[in-house]
Amino acid sequence: MSIPAINQRTLAPWIFLAPGVLFFLVYVIVPIFQSMEISFYAWDGLGERTWVGTGNYVELMDDEAFYTSLKNNVIWLVLYMLAIPAGLFIALFLNQTVWGIRLYKSLFFFPFVISQVVVGLVFSWFYDPSYGLMNVIITSLGFDAIPVLADERYVTYGIIAAGLWPQTAYCMILYLTGLNAVDPEQIEAGRLDNARGWRMLWYVVLPQLKPATFIAVVVTVIGALRSFDLISIMTDGGPWGSSRVLAFYMYEQAFSEYGFRMGYGAAIAVVLFLIMIIYISAFLYKMYRDERDL
Amino acid sequence: MFPAPIDRRPAAVGVAYRTALPIALLLWLLPLLAVALTSIRSAGDITAGNYWGWPTTINIVENYTAIFENTPIGKYILNSFKVTIPTVIGAVALSCMTGFALAVYRFRANLLVFFMFVAGNFVPFQILMVPVRDLTLQMGLYNTITGLALFHIAFQTGFCTLFMRNFIRALPRELIEAARVEGVSEIRIFWFVVLPLMKPAIAALSVLIFTFIWNDYFWATVLTQGSDTQPITAGLYSLNGQWVAAWHLVSAGSIVAAIPPVAMFFLMQRHFIAGLTLGAVK
Chain A
0 MSIPAINQRT LAPWIFLAPG VLFFLVYVIV PIFQSMEISF YAWDGLGERT
50 WVGTGNYVEL MDDEAFYTSL KNNVIWLVLY MLAIPAGLFI ALFLNQTVWG
100 IRLYKSLFFF PFVISQVVVG LVFSWFYDPS YGLMNVIITS LGFDAIPVLA
150 DERYVTYGII AAGLWPQTAY CMILYLTGLN AVDPEQIEAG RLDNARGWRM
200 LWYVVLPQLK PATFIAVVVT VIGALRSFDL ISIMTDGGPW GSSRVLAFYM
250 YEQAFSEYGF RMGYGAAIAV VLFLIMIIYI SAFLYKMYRD ERDL
Chain B
0 MFPAPIDRRP AAVGVAYRTA LPIALLLWLL PLLAVALTSI RSAGDITAGN
50 YWGWPTTINI VENYTAIFEN TPIGKYILNS FKVTIPTVIG AVALSCMTGF
100 ALAVYRFRAN LLVFFMFVAG NFVPFQILMV PVRDLTLQMG LYNTITGLAL
150 FHIAFQTGFC TLFMRNFIRA LPRELIEAAR VEGVSEIRIF WFVVLPLMKP
200 AIAALSVLIF TFIWNDYFWA TVLTQGSDTQ PITAGLYSLN GQWVAAWHLV
250 SAGSIVAAIP PVAMFFLMQR HFIAGLTLGA VK
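Protein chains in written order, with numbering that gives the first Met the number 0: chain A, 0 to 293; chain B, 0 to 281.
Check each hint, because a few of them may be wrong.
Unchecked claim - Distance windows between CB atoms, simulated: (1) R288(A) / I84(B): 47 to 55 Å; (2) T55(B) / A281(A): 49 to 57 Å; (3) I22(B) / I137(A): 19 to 27 Å; (4) R172(B) / I277(A): 46 to 54 Å; (5) F213(A) / G52(B): 39 to 47 Å.
Unchecked claim - Below, in silico cross-link-like pairs of lysine to any residue (SDA-like), each with a Cα-Cα straight-line distance of 20 Å or less: (6) K285(A) / M263(B); (7) K104(A) / K74(B); (8) K209(A) / W197(A); (9) K81(B) / G225(B); (10) K104(A) / A15(B); (11) K198(B) / L174(B); (12) K104(A) / I258(B); (13) K104(A) / A19(B); (14) K209(A) / F142(A); (15) K70(A) / S241(A); (16) K81(B) / V117(B); (17) K285(A) / F114(B); (18) K285(A) / N165(B); (19) K285(A) / V117(B).
Note that these hints are calculated values from the structure, not bench results. Model, not experiment: these values are computed from the prediction. Virtual Cβ for every residue (Gly too), placed ideally from N, Cα, C.
Construct the entire structure; sequences and hints are all you get.
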């Protein structure tokens with residue numbers, strides 16, 4: 000092999016990488032560290048920054064709203080996981096070959112394709128205490144209407160239910176694709192061994208769906224921690240801040256009419272980032288292991 | 000196949016299944032159907048509280064012309080296209096190159112660069128918000144479509160690189176080796192050997208990124224304001240504030256906002272799903 004060819008091959012990857020890496024560094028990687036830095040300052044976004052050390056974090060420790068947001072984040076994370084079994088259930092229901100099933104599958108996937116802004120509007124309306132469908136049904140059964148989005152006790156659950164709608168659709172499509180790849184011979188072998196229903200699902204099918212489950216968990220965790228759109232559309236954090244999550248509270252502190260507290264907002268974002276980093280590391284670790292096996 | 004095909008079960012099960020399907024679908028899409036139905040109701044129906052019954056008059060033309068004539072919704076839609084299309088082109092172009100570099104060449108920092116893209120793709124938006132807004136302001140691009148699109152291109156490059164790299168990795172390596180033996184330069188290998196094979200991946204990413212960006216709400220509110228630059232998601236939010244209780248208009252607006260990504264999905268379904276599964280589930 001000639002020397003220029005080798006040179007070309009050491010240089011080529013960096014030339015191909017340069018524009019993408021540059022963009023990504025400027026807009027994604029560097030800002031992460033800048034946010035960390037800003038979290039040690041008091042800053043209104045325009046004037047001079049004032050160094051406050053760990054002041055923002057100390058303040059967070061005593062901030063009631065921060066704990067409400069953190070608690071809601073945990074509720075989101077836990078309940079969002081329901082999308083995975085629910086998605087599996089619908090996928091199993093739809094994994095047939097009757098006439099028109101393809102169209103059914105697409106239509107079931109619909110909620111994921113539309114914007115969360117639209118999902119939020121649809122559900123706010125569904126929950127409306129005077130004419131929303133949910134309360135029409137409840138009152139016709141003789142119960143009192145529940146103003147879901149105006150009641151501190153229910154509001155977070157109401158928003159999560161709205162979020163579960165598209166998220167379940169996403170998990171469903173992951174499992175439908177996974178079920179397509181399940182080895183028919185193993186299923187037949189299982190049938191000969193008299194495995195059916197739950198036992199077949201648990202011992203034969205689910206192990207083969209592992210890659211689908213892994214991705215479903217990853218996208219669901221990220222979806223849960225990114226929950227911002229629905230809260231902003233449906234309640235704006237209310238009533239009395241009871242439906243805030245960290246992502247929303249951060250935005251509120253940094254940009255809303257409550258003032259431009261960039262440093263404090265950045266500190267909240269750093270906390271959220273630290274939670275996310277657990278999942279990111281787990282994902283990278285798994286990828287690393289898979290790479291090594293290749 | 001699991002569960003066992005319905006046709007292998009008794010005929011009654013088959014009939015029950017075929018009846019259950021449309022009912023399940025109806026229940027699943029009920030909120031959306033209600034919106035579609037409400038978007039053609041008259042204002043009279045709304046004040047009379049007829050939200051869930053059949054509309055007394057079909058006002059499809061009136062309502063949809065009303066939102067386009069009385070609100071800047073047409074502008075919002077146009078802005079959405081102006082942000083989405085360059086983002087799709089930019090992110091896909093950049094990631095074709097990064098994906099190629101990371102899949103084909105062995106060099107020490109390879110995995111490190113790759114993991115940087117993957118990890119960055121998963122970070123919460125909020126940790127980027129303050130610095131990105133600041134950067135956009137300093138470049139004089141705050142409240143411009145360019146500023147919003149530039150950020151989207153950069154951020155989506157993370158996900159696209161993950162996808163492209165895995166896709167190119169699965170291509171037969173012999174093709175590249177054979178070209179090298181022939182003395183073909185690296186850039187020509189990229190352009191003439193690999194790129195033509197990447198068409199399915201490009202299609203998958205294009206539809207997926209189109210939907211993601213079209214539906215973006217967070218960055219639209221952070222980097223733009225007002226109907227001259229805001230895309231439809233942010234526009235719908237402010238219109239919702241103006242149209243208090245005018246649910247027939249809110250619904251019509253929602254439907255209009257949902258049409259482009261839905262159309263995209265139906266036209267390119269197979270590619271869309273391939274993209275969503277991150278290529279990991281075959």
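Here is how each hint holds up against the structure:
Between R288(A) and I84(B) the beta carbons are some 38 Å apart, a value that contradicts the proposed interval 47 to 55 Å. At about 56 Å, the CB distance of T55(B) to A281(A) agrees with the hint of 49 to 57 Å. Between I22(B) and I137(A) the Cβ separation comes to about 21 Å, which falls inside the hinted range of 19 to 27 Å. In this structure the hint that R172(B) and I277(A) lie 46 to 54 Å apart at CB is violated, the actual value being about 35 Å.
Checked against the hint of 39 to 47 Å, the C-beta distance between F213(A) and G52(B) comes to roughly 46 Å, which is consistent with it. For the proposed pair K285(A) and M263(B), the alpha carbon gap of about 33 Å is over 20 Å, so the pair is violated. For the proposed pair K104(A) and K74(B), the alpha carbon gap of about 33 Å is over 20 Å, so the pair is violated. Distance restraint check for K209(A) and W197(A): the Cα-Cα separation of roughly 17 Å lies within the 20 Å cut-off, and the hinted pair is therefore satisfied.
At roughly 15 Å between alpha-carbon atoms, K81(B) and G225(B) fall within 20 Å of each other, so this suggested pair holds. About 18 Å separates the Cα atoms of K104(A) and A15(B), which keeps this hinted pair within 20 Å; it holds. Taking the CA atoms of K198(B) and L174(B), the gap is near 16 Å; set against the 20 Å cutoff, the hint holds. Simply put, K104(A) and I258(B) have alpha-carbon atoms about 18 Å apart, close enough for the 20 Å limit, and the pair holds.
At most 20 Å may separate the alpha-carbon atoms for a hinted pair to count; K104(A) and A19(B) meet this at roughly 14 Å. Restraint check for K209(A) and F142(A): not satisfied, since their Cα atoms lie roughly 43 Å apart, outside the 20 Å limit. Restraint check for K70(A) and S241(A): satisfied, since their Cα atoms lie roughly 10 Å apart, inside the 20 Å limit. In summary, the hint linking K81(B) to V117(B) is not supported, as the alpha carbons are separated by about 27 Å, beyond the 20 Å threshold.
Restraint check for K285(A) and F114(B): the C-alpha separation of about 11 Å stays at or below 20 Å, so the hint holds. Taking the CA atoms of K285(A) and N165(B), the gap is about 15 Å. The hint holds against a cut of 20 Å. Straight-line distance between C-alpha atoms of K285(A) and V117(B) comes to about 12 Å, which keeps the hinted pair within the 20 Å bound.
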